[in-house]
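Taken in order, these protein sequences are the chains called A and B. Residues in the first sequence are numbered consecutively from 244, following my numbering. Residues in the second sequence are numbered consecutively from 27, following my numbering.
To be clear, the hints were calculated from the coordinates, so they are not data collected in a lab. Note that the Cβ used here is the ideal one computed from N, Cα and C, for glycine as well. Do not rely on the hints blindly, as some may be mistaken.
[To be verified] Reference excerpt, derived from the structure (chain A facing chain B, CB under 7 Å, subset only):
| hint | residue |
| --- | --- |
| 1 | GLN246 |
| 2 | THR248 |
| 3 | ILE250 |
| 4 | ALA252 |
| 5 | ILE261 |
| 6 | ARG263 |
| 7 | ALA275 |
| 8 | TRP301 |
| 9 | SER337 |
| 10 | VAL341 |
| 11 | LEU343 |
| 12 | PHE345 |
| 13 | LEU374 |
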Amino acid sequence: MEQKTKIKAEDGKQDLVIKREFSLPVELLFRAYVEPEIIEQWMGTKVLKLENKRHGCWQFETTDPKGNKHCFNGVIHEFYPNQKITRTFEMENSPFPVQLEFLEFERLTDNTSKLTMQIVYKSAEFRDQMLKLPFSQGINMAHNRIQEIVNKLL
Amino acid sequence: MNLRRDVFQAIADPTRRAILLMVASQSMTAGAIAANFDTARPTVSKHLQILTECELLKQEQNGREIYYHVNANKMEEVADFVEQFGKMWDERFNKLEAIMQAHKTKE
């Protein structure tokens, strides 16, 4: 199946752009970003705090398969319903510096919409490290599987 | 371009990733690799064939045995991680879309 999400990450730049079109009215797409119960469902995170307004702050928490908790937080700088959210994003207790996110919500038709997300990192190096995360997590999963196999043999 | 997509297909499979990790530390024969898996030997052979075809693994004849080892250069090429990153977001957004479509029909 072809990916609907497009990633634009030019070499040596410290930002990237994620674009995606949804078969959803823009209002519903926007709700998925502001209602805690919905965020918890699709992001798989617990919403500890979410103030949907300028200068509001947010804090999410995820629990990994080992039971470790990871917190993310940030501040909302711009909040225009069904149009735009500008916010910071920080992974607590990680070497990654805070990043800046520009989310633009666009109505295409009554039933379709588009999300454009620009993420700006502290440096091109940090951007590349973030890009590599899903891959290294995949490797970790493979690694865990090896461990399981080894345990079975012992 | 096509070749690179093959590389990503190759590493998308957990068994093949496990094989890569295994031979990363030492060259191994097909038999030694297969011994680490519950799956049938031909299945492991098929995985080795795919990994060799897209050049992630190299074969080396040593006496009567063929040893497999990781092709570091090819692994470097996979350092274009953008595709994996996009896949993660795509799955996340697919979920969002499904959840919100359910909301839509409720209203």
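(request) Of all the hints given earlier, name the ones this structure violates by number, lowest first. (result) 8, 9, 10, 11, 12
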